[in-house]
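Protein chains in written order, with the working numbering: chain A, 1 to 271; chain B, 1 to 297.
Calculated directly from the structure, the hints in this document are not laboratory data.
One should not assume that every hint holds.
Claimed, not checked - Far from chain B, by Cβ distances over 12 Å, these chain A residues were calculated:
| hint | residue |
| --- | --- |
| 1 | Asp50 |
| 2 | Lys76 |
| 3 | Gly93 |
| 4 | Met98 |
| 5 | Arg102 |
| 6 | Leu104 |
| 7 | Glu106 |
| 8 | Asp128 |
| 9 | Ser137 |
| 10 | Gly196 |
| 11 | Glu211 |
| 12 | Ile230 |
| 13 | Arg237 |
| 14 | Gly243 |
| 15 | Ala250 |
Claimed, not checked - Going by beta-carbon spacing under 10 Å, a handful of chain A positions derived as facing chain B:
| hint | residue |
| --- | --- |
| 16 | Thr90 |
| 17 | Phe92 |
| 18 | Arg109 |
| 19 | Gln110 |
| 20 | Ile111 |
| 21 | Gly112 |
| 22 | Lys215 |
| 23 | Leu216 |
All C-beta atoms, glycine included, are put in the ideal place defined by N, C-alpha and C.
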Amino acid sequence: MVPRRGAGWTPPRAGCIVPDVEGCRGCGGTVIRFENVGLRYGTEAEVLRDISFTLLPGSFHFLTGASGAGKSSLLKLMYLAHRPSRGLVTLFGRDMAMVTRRDLPELRRQIGVVFQDFALLDHLSALDNVALPLRMSGTPEADVVAHCTEILRWVGLGNHLHAKPSTLSGGQKQRVAIARSVINRPRLLLADEPTGNVDDGIGMRLLYLFEELYKLGTTVVIATHNEALIRRFDHPRLHLDNGRLMVLPARGSRAHDGRTGDARAHDSRRE
Amino acid sequence: MALRPVRPRSDLPLAVDPSSRFLGWITALMAFLAALALAGAMLVSDMAQRWDSGLAGGLTVQVAPMPGAPVAPLDERVEAAVTVLRAFPGIRSATVLGGGEIARLLEPWLGSGATDPLLPMPRLIDVIADGPVDVAALRLRLTSAAPGATLDDHAVWLADLRSFAGAVRLAALGVVVLIGAAAVMTVVFAVRTGLAIHRPVVELLHLMGATDRYVSRQFERHVVSLSLRGGAIGLLLAGGTLYGLYRASQGLRASLLSDLSLQPWQWAVLLLVPGMLALLALATARWTVLRTLESMP
Ligand SMILES: Nc1ncnc2c1ncn2[C@@H]1O[C@H](COP(=O)(O)OP(=O)(O)O)[C@@H](O)[C@H]1O
Ligand SMILES: [Mg+2]
């Protein structure tokens with residue numbers, strides 16, 4: 001049941017799931033850069049204030065903070081659902097202020113998102129849900145079915161290819177959502193409390209799954225408030241408190257293949 | 001009952017929208033009306049064409065008996081008129097109708113009294129032209145050679161007939177244009193409703209990297225499938241109605257309505273109606289979706 005690396009699905013275009021370091025150097029060497037970013041909804045006070053940090057390719061971060069601290073809002077800025085009220089957001093080396101509406105689909109296809117409530121389409125089968133990103137990018141239909149079948153087997157849902165989400169358990173839906181978020185081999189994977197409404201056992205398996213992708217080179221950010229998981233997987237934390245962001249380094253300072261796995265935070269007050 | 005899209009998978013669950021329930025049937029109604037309007041226009045055109053070719057190129061000369069007037073006897077004047085006619089350029093033949101034929105032509109108006117030999121009857125000459133005829137010059141020549149002769153080139157009849165056929169065609173065109181406008185408005189309404197209902201899904205698709213064209217294709221497929229099938233149903237109903245009218249017209253004696261049937265190419269024109277409606281729906285859906293999405297983040 002536990003999806004394991006190599007249990008069927010291998011990324012057919014490994015170059016896309018493993019960020020091309022050469023290519024990324026060309027785009028500034030960072031996946032995401034925030035500088036003095038602020039976000040407000042309507043005329044309310046800012047929910048995010050002076051957020052500054054940089055994510056390097058192939059890094060893994062937890063995003064923590066109390067409920068209402070702004071974790072989802074920060075992720076939405078990262079997956080381009082919101083534009084910041086102020087400050088600079090750079091994604092894959094591109095200044096988002098300069099990006100037109102027409103360019104957004106191309107950028108968004110490089111980001112995999114596991115939404116807070118999974119956001120599966122209820123009228124589509126598991127396979128068709130996972131197929132969405134592929135069909136959007138114009139993948140030939142035969143490849144779509146082959147890839148989706150493979151990845152659903154990889155996450156242990158080989159027997160539920162044609163099941164509608166309503167017939168799946170919470171943990172199964174979650175794995176469909178994750179399969180969908182990685183099917184296009186994104187350079188950046190964002191998950192908003194993916195362990196929210198499943199028990200710790202499933203949450204743990206899920207984290208192992210994200211670790212697999214991280215080891216394949218994807219930049220991962222996972223919002224969670226599950227302290228047990230955070231302690232178990234020793235990764236640096238982006239911590240939100242009162243609208244401000246702190247970067248807490250990994251305690252064990254595990255080195256992964258010599259890659260720099262930490263984010264560099266700038267103290268905005270200093271800038 | 002709703003016409004459901006055949007295509008089993010669409011990223012938007014459009015098939016269960018309330019708008020889907022009426023879009024197919026409204027299209028059926030529109031196709032029905034458009035097909036009938038077009039068929040009506042084609043039938044009237046054909047009929048006018050038949051009358052037209054029956055009358056055009058034909059001339060009639062009438063020589064009136066003028067009892068008491070100081071002119072030559074009727075027979076002589078008829079002779080003179082026929083001579084003028086046969087010599088005139090563009091005229092192939094000129095035949096004097098016998099008394100029996102004239103009586104038969106007048107019978108509907110005069111009854112059996114038309115055969116009364118005491119009744120002063122005008123004489124008719126049936127003229128067939130095979131080229132352009134200078135009607136004004138001919139008329140002048142006739143009245144000088146044969147007093148009491150009048151030339152009827154059916155111009156008034158023909159003008160009336162042509163303007164009537166033109167008016168019918170115009171009316172049919174107007175009906176078809178109005179139906180097209182109604183179809184556009186229906187599709188705009190259905191698509192806007194669909195976008196509003198499925199806005200969260202559309203936003204989700206956008207976040208996963210869908211282009212506006214990808215979203216609009218979902219709507220296009222939906223409306224094309226519905227309008228093609230609605231159109232086919234409307235066309236079938238129109239075909240049935242036309243056949244019924246044809247059968248009913250067979251019972252009529254009136255030769256004016258001799259043939260209420262369509263040519264094969266005219267049926268083909270009617271077959272285009274669902275296709276045109278589907279194309280119109282496709283263009284409208286695309287335009288509406290793209291325009292509406294422009295305002296979405
Ligand atoms: N769409 C929105 N409109 C207005 N306020 C919002 C919206 N989304 C979030 N907020 C507010 O922003 C703050 C941060 O919310 P959120 O980012 O969801 O926090 P978290 O994910 O950490 O629980 C909360 O006070 C919330 O009420
Ligand atoms: Mg949240």
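Going through the hints against the structure:
1. Asp50: holds, 24 Å
2. Lys76: violated, 9 Å
3. Gly93: Non-interface label on glycine 93(A) holds, nearest chain B Cβ at 18 Å vs cutoff 12 Å.
4. Met98: Label holds. Min Cβ-Cβ 16 Å, cutoff 12 Å.
5. Arg102: Since the minimum Cβ distance to chain B is about 8 Å, arginine 102(A) lies within 12 Å and the statement is violated.
6. Leu104: Check fails; 8 Å does not lie beyond 12 Å.
7. Glu106: violated, 7 Å
8. Asp128: violated, 6 Å
9. Ser137: Since the minimum Cβ distance to chain B is about 7 Å, serine 137(A) lies within 12 Å and the statement is violated.
10. Gly196: holds, 18 Å
11. Glu211: holds, 23 Å
12. Ile230: holds, 26 Å
13. Arg237: The claim holds: arginine 237(A) sits with its nearest Cβ about 25 Å from chain B, beyond 12 Å.
14. Gly243: holds, 22 Å
15. Ala250: holds, 30 Å
16. Thr90: violated, 19 Å
17. Phe92: violated, 14 Å
18. Arg109: Holds. Min distance 4 Å.
19. Gln110: holds, 8 Å
20. Ile111: Isoleucine 111(A) check passes; min Cβ-Cβ to chain B is 8 Å, inside 10 Å.
21. Gly112: Holds. Min distance 9 Å.
22. Lys215: violated, 24 Å
23. Leu216: Since chain B brings no Cβ nearer than about 20 Å to leucine 216(A), farther than 10 Å, the hint is violated.
Comparing the model with each earlier hint shows violations of hints 2, 5, 6, 7, 8, 9, 16, 17, 22 and 23; every other hint is respected.
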